[in-house]
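> Sequence:
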Amino acid sequence: MASMRVHELAKEFDMSSGDLLDRLKEMKIPAKSHASMLNDAYVDKIRKNLEPEIRARAGALEAEEAAALAAEQEEAERKRAEEEAERKAAREKELAEREAARARREGSRSDDDAEGEEHPARKQAPKQPSAFASLEQQIASEKERVERERQEARARARAEKAAAEVAKKRAVEEALRRGHKKPAKAAPAPAPARPAPAPAPSRPKNNFDSLLSQIEAEKQRMEAAKSAQADTRGPRGGKKGKKGGAHQVVPELEAQMTAGEDRYAQMAVQAEKLQRDKVLAEARAAVAAANTHEGEGRRKKRKEKREAEARERAELEAIERGLDPTLVLDDSVVEIPQGASVAKFAELLGVQPNDVIKRLFMLGQVLTLTQTMSDETMELIADDMGRKVRVVSPEEEYAVVYNDSEADLKPRPPVVTVMGHVDHGKTSLLDAIRDTGVVASEAGGITQHIGASVVNIGDRQITFIDTPGHEAFTAMRARGAQVTDVIVLVVAADDGVMPQTIEAINHAKAAEVPIVVAVNKIDKPGANPDRVRQELTEYGVIPEEWGGSNMFVEVSAKKKLHIDDLLETIILQADVLELKANPDASASGFVIEANLDKGRGPVATVLIQRGTLHTGDVVVAGTSYGRVRALVNPRGEHVAEAKPADPVEILGLNSVPTAGDEFRVFEDERDARKLAEERALRARLAAQETKSHMSLDDLFSRIEDGKTTDLNLIVKADVQGSIEALRDAFDKMDQSEVRINIVHSAVGGITETDVTLAAASDAIIIGFNVRPTGKSRQQAEKEKVDIRLYRVIYQAIEDINAARVGLLSPDIVEEDTGIAEVRETFKVPKVGTIAGCYVVEGEIHRDDKVRIVRDGTVIFEGHMASLRRFKDDVKSVKQGYECGIGIEKFQDLKVGDTIEGYQVKEVERTE
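Counting with the numbering used here, you get residues 2 to 912 for the letters of the sequence shown.
Any given hint might turn out to be false.
Restraint-style ranges between C-beta atoms, simulated for each label pair [claimed, not checked]:
1. 679 / 285: 44 to 52 Å
2. 218 / 86: 33 to 41 Å
3. 813 / 363: 39 to 47 Å
4. 525 / 585: 46 to 54 Å
5. 539 / 634: 38 to 46 Å
6. 796 / 461: 37 to 45 Å
7. 686 / 861: 56 to 64 Å
8. 813 / 675: 34 to 42 Å
9. 74 / 145: 45 to 53 Å
10. 8 / 74: 32 to 40 Å
Straight-line C-alpha distance at most 25 Å; calculated DSS-like pairs for lysine-lysine [said to hold, decoys possible]:
11. 872 / 831
12. 561 / 525
13. 279 / 306
14. 220 / 169
15. 525 / 559
16. 49 / 169
17. 906 / 879
18. 359 / 345
19. 49 / 26
20. 33 / 12
21. 890 / 906
22. 599 / 581
23. 850 / 906
24. 411 / 169
25. 345 / 389
26. 33 / 46
27. 876 / 831
28. 831 / 895
29. 733 / 510
30. 872 / 850
31. 906 / 831
32. 510 / 560
33. 828 / 850
34. 26 / 12
35. 46 / 29
36. 525 / 560
37. 220 / 12
In short, the hints are calculated from the structure, not lab data. Glycine is no exception: its CB is placed at the ideal position from the N, C-alpha and C atoms.
Model the full structure from these sequences, guided by the hints.
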């Protein structure tokens, strides 16, 4: 016998798995769950112990079921007998009433015949019995029959269920007997006796599909019956009729005739009702149709109005995005996301992917369904198919344009970004404004992060954003220009316009943001503010006093001179701009900075541009999402809400967003999660597409391009902006021979996972303002992984540049060693021509490469076959000595030729 599981044995015994497990525990049989296996010995033991209980339970159940079945059958028989007695009594009563009515009719008819002979004018028609009495009795009888059949069906179902239970118990008992090898066949369970259904009384036909035909048939039958009765009765058939009537009384026939008359009356009433209902239905349909046409007209007008408003909104959004409104409003133009695959492109156009692949083959591009297509390729394929497409960038696809009414807009504080060259005093100027002393805490005196602060001037508020001035932080400075209203360009009066100053001006002009120039360090001896004004005019920044539109303020951050004038100038410029925002809408804005805090998790510094951000709101920022757990203002205080132009730190995101991402509030967390996961998926797919792997398809092209060397890096930093700065600096390096690959970049400390990834990808770990955590340093020493830690970006760039230069292919340099002049040639058998030479310059070595120069032209390059002085082989011959030289694979030596010896050396590249 095979092993069994606990739940199988429980099913066999008609027990629950829990009950059986309890019994097994009492028997001390090991079983943990319903899926535990029981071997043959345990199964036999269980069956032996449970057999009496199962058998007793089966017998008790069988007795109970039999008793219940007998009781139900007796109850059904009793009800059937009562109903039969009631029907019999009602039928006898009805027959008695009909006999009395017939007797009355016969008596009145004989009196009428007698009166008809004397007074024929007063002859009256006989009275007809009521047709509704018989109809009520038929309805009552029909209800009783239906109820009786329903009770009989329930009784049969209970009987069948009881029989099935009894059979199941007997089967279990039989299985137990077979398990103990006791061949005793259980007698088959006798089928329960089913009560025979009582014969249903004949009932009138209730089908109205052929109602008119039935009415006509009844009319003909009744007319035939009346004519036959008139023929039988005759003009003097009073006594014969009476005698014949007494002789021909048949209750069943009379009942059928009365039932027929009642059925005819019922059919006539129902036909009249059907006709009336039909007329009413047609009238209601006509009224509904009229109302529907009128409603369709109103709905159509409302739909057209909504479509017109939607077109106007779409046109406004297209103009704000700088797009062609005709392309946006044209329904035939299909929007294709940038980097779409062949399958996605075919799906959006509604064509077969094979058609797209065929056209790609004709263009010379072999792509599969999952590979992405370039923007130009998608436009070419769509034009060939006669379709219009518009390639949508990810920023445009996820961008949201808000249209607020003028009534909802309220004044908001200005957002001011401080820009300028390195060490021109940007942070010192902000320090003078807000007295925070940021400079003292910064490494190397350079602002490494975007710092946002709020300054209150009376009842006015100004939000300041400090961007780094170092050239490596271009992306961070560009983000500052995106979210700002006024730019304060700090220029040192003793230094003038520098490269980062020009770059800041270009960013401001690209963002169309007004510039307020702060000429700093006017307290220094060599300060010349007029020279700064003159230099800035070359780049389109012209002072107001010279007829331009830019306001200049001369300040000294160190001695705090004219700081109030600068603040008043900023407020004046903000008043001219009339800055407004809707504070009652859902919050949206930009992520200024983001980092991973060890105790608080992902922390993002955001600037609110629209709406009010509250604690508990669901936020999506790039590929990150979450519910805001806390809001922290620039002073480190927890606040409940943040209004437009307020910089705050938000806690509660699931990951660190990218600096510069747009964030907005969602009503439903599920929608936020869906959008963030979709963005993350697209980012992963894009990263996989940009990753270059060696394949047979591009092997030949790589060989033609030349051999390349890769320098793999893993960059870990304290904030996302530092990673972007390092990435930009690496991209600016010459990568024609050494390609710098950033394998992984993230915010946070250097972990063991980073070391493992570096060991697998042969990469160097660059840590900027972070330290190794846990046992990552020990693992790095074990794996021989190089970890470089920096606090100032200059050192990181210089070290990476040095490593890059060390990986460059060395220069091949030919270094001349000596020159020998051929003065005589000798023919040596089995050896060839030997040149008798005189070394005129340098020193000829045996392993040198040689060039044969004749009349100033190199006629051969090769190696020496032999170098002898007299009869001895020598390694070298110096200037002023004679020697014999044999050239390998060259015999055409002539007197007057020059043999130049040289060596090929590899010289290390410096750049």
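> If you test the structure against every hint from before, which numbers come out violated?
Structure breaks hints 8, 9, 13, 14, 22, 24, 31, 32 and 37.
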